[in-house]
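Trainee: Going by full-length UniProt numbering, the sequence shown runs without a break in its numbering and finishes at 690.
Since the hints were derived computationally from the structure, they do not count as laboratory data.
Only true hints are included.
Each pair of labels, with its calculated beta carbon distance range:
1. Thr623 <-> Leu103: 45 to 51 Å
2. Ser346 <-> Val106: 54 to 60 Å
3. Phe642 <-> Phe245: 17 to 23 Å
4. His555 <-> Leu310: 32 to 38 Å
5. Gly347 <-> Leu143: 36 to 42 Å
6. Phe245 <-> Phe630: 18 to 24 Å
7. Gly93 <-> Phe642: 48 to 54 Å
8. Phe245 <-> Cys278: 43 to 49 Å
9. Phe245 <-> Leu302: 43 to 49 Å
10. Leu413 <-> Leu629: 42 to 48 Å
11. Arg354 <-> Thr623: 49 to 55 Å
12. Phe630 <-> Arg121: 52 to 58 Å
13. Arg121 <-> Asp512: 22 to 28 Å
14. Ile618 <-> Ile475: 42 to 48 Å
Restricting the straight-line Cα-Cα distance to at most 27 Å, the calculated cross-link-like pairs of lysine-lysine (DSS-like) are:
15. Lys327 <-> Lys412
16. Lys316 <-> Lys412
17. Lys558 <-> Lys126
18. Lys280 <-> Lys126
19. Lys280 <-> Lys558
Think of the CB as a built atom: it goes at the ideal place given N, C-alpha and C, for glycine as much as any other residue.
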Amino acid sequence: EEPPAAAPVDFLQELPSYRSVRRRRGGSQELGPAPPGTAGSRGAAARALLQDRDQQDARPAREKPLSMAEKRRFRDFQQADTEHLSRWKKWRGANSKSLKKALREVKGLSSYLVLWRHDIRSIEGKFGTGIQSYFSFLRFLVLLNFIIFILMFSFVILPIIISKYGIFNNSIAYTSPKNIEDNCTIYEPSDNKGLVYFYNYLIDLFSGTGFLEVTSLFYGYYTIDAVWISVMRYNLPLAYLLTTFACLGLSLLWIIVRCVEGFKQNLVHDADPFQSYCNKVFAGWDFCITDPNAARLKHRSLQYELHTDLLEEMLKQKITERTMKEKLRIYSLRVFINIIVIAILSGCFYSIYRVTVFSQEKSSVIDNANSLVKLLEQYLPSMVITLANFIAPLIFSFLIQFEEYTPAFEIKLTLMRCVFVRLANIGVLLFSLWSQISDCDTDECKPCGYNYELYPCWESDVGQEMYKLMIFDFIVILGVALFVDYPRKLLVTHCPCKLVQWFGLQEFGISDNILEIIYGQTICWIGTFFSPLLPAIATIKYFIIFYVKKIVLIHTCKPAARPIRASSSNFFFLVVLLIGLVLGFFPVGISIGHIPSSKACGPFRNFSTSWEVIPDTILGFPTLLQKILFAMGSEAFAVPFFMIVCIIMFYFIALARAHERAVEQLKEQLVLESRDKMFLIRKIAEAQRH
1 EEPPAAAPVD FLQELPSYRS VRRRRGGSQE LGPAPPGTAG SRGAAARALL QDRDQQDARP
61 AREKPLSMAE KRRFRDFQQA DTEHLSRWKK WRGANSKSLK KALREVKGLS SYLVLWRHDI
121 RSIEGKFGTG IQSYFSFLRF LVLLNFIIFI LMFSFVILPI IISKYGIFNN SIAYTSPKNI
181 EDNCTIYEPS DNKGLVYFYN YLIDLFSGTG FLEVTSLFYG YYTIDAVWIS VMRYNLPLAY
241 LLTTFACLGL SLLWIIVRCV EGFKQNLVHD ADPFQSYCNK VFAGWDFCIT DPNAARLKHR
301 SLQYELHTDL LEEMLKQKIT ERTMKEKLRI YSLRVFINII VIAILSGCFY SIYRVTVFSQ
361 EKSSVIDNAN SLVKLLEQYL PSMVITLANF IAPLIFSFLI QFEEYTPAFE IKLTLMRCVF
421 VRLANIGVLL FSLWSQISDC DTDECKPCGY NYELYPCWES DVGQEMYKLM IFDFIVILGV
481 ALFVDYPRKL LVTHCPCKLV QWFGLQEFGI SDNILEIIYG QTICWIGTFF SPLLPAIATI
541 KYFIIFYVKK IVLIHTCKPA ARPIRASSSN FFFLVVLLIG LVLGFFPVGI SIGHIPSSKA
601 CGPFRNFSTS WEVIPDTILG FPTLLQKILF AMGSEAFAVP FFMIVCIIMF YFIALARAHE
661 RAVEQLKEQL VLESRDKMFL IRKIAEAQRH
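Construct the entire structure; sequences and hints are all you get.
Mentor: Below, the structure written as structure tokens:
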């Protein structure tokens, strides 16, 4: 047979893709494609074909998009090929196949060991991937806190346990504080002695004082300077500090890795509004849903998202058509509302500051007041913070309606304001404590560097505040579920009153619930240095919260009318969690490097600050290693290192822009190919008519 005749050059030049490329090049240059029969083109095509064939043949038959009969023929073809191989290649192929099969079985068995695997899949099937993302996020925090607890227990708590009980013939080294005033070393924890009522133990359990103050829960318990394991000296202060850094660094690394995965998905969804619209229309259905009510909710969700997209387009068009007078009115209104927001935040911060100072002054006074009154005085900062976290978001949600933002930006701005309120409240509490700790009105406390009369072991006091915040946050979550959501469910179910029916069931707001656990996790990160067992408490807390929220979701709540897409919500939640971690670095860093360490308790009694254990340890290294480490910490190393990092960063930015341009060109090429196909179809139809 004769080969088909080549297409006329004039016909190829009529293609839309040819015209587009020629127009882009200025229209003056004739495109000269390489002849199709050259050796270079044939060699490149042959290499690409062989490479594709090798990749296809390397895949097992079950992974090929073929029918069963074709898969059987392919398997017989592979078996026939193996008969001509040598014994070594046959043995190696059989071992490789057995190893892959074993790895698949191990991977399948390990999936059954995933925490709450069945529960999360059941929630995903009934309520969709949006709500499932909340419970997956909760599982991630449980695993993260458990690993942090394992690190703190292995490197800080376990050496003290095996030394105190004489395991492996270990011993403990205590070093008395040197060159320190005797007044600074006085620390008498308020441990309960003699006949103690049972409710006193309950009060101590909720406040972290009494018998809990002298346990391994708080910083003041770790007064050991070294542990001798046989002939090896274990430096506990160094281990305490490095383990804290390792916990924060592990959290940062793990969150960044998960953020990168979520960012890729979020980038795909938000790359193009038209693409997002097509995804909602043609690929927006969640096939994990099996419950009819959840299916109807998903229908409403897609309808709401499409309505929101159209509304955003209308608002964008309206924004472009605004007159100067309308712009001036809206900007003035936004400035006024932001002033109101700043005033609300200032009121919250001032209230927290005054309440914290009042609570600390009352707790330092020894009197015969009622124990319940003392407990309320100690919990005043936690109560005010929780009240501010509840009232401020309601006001923000009301005010933002008048700022005339797009719905998507409106949600993000409200959430960011709520996040700022929750995290800033913790910062104001710590600032209030630090102002009290650093307040030295008398000359006697100046040698100590801090107010030792009010805070003889200030790290334990900060740890107690973090402990009370976490316990009170847990009590509030349980209380809302037990005394708000459940009675509301009973009223809506059994009371026909129109007002009650108008309120309806409580919606399961994913964003609000996520902000709750991010707030608690930030407390855990800040408090780990002051309370090493706080990650264990956080693990137990989130473990219980999982089942509480599951019961609340299934029995007392309804899904939110405005659900959040799982891909974007996962990324946003991780970004907010990362913000909480970064903000948590500042108070921990200030406590370690700036505020003088307590001279009456803790592993850093012999150092002016906790950070000084690092240079003190380096001084024990060989001289050459000391010079290298101190040189790495000097400006002569920091400036070139910063410049190299900037160059690498600029390189990756340029690489990302190049990839972005390549992606745009590929998208344009796909569009041109579709136009070429439509052009060829029209030409074929015209030829058939003639």
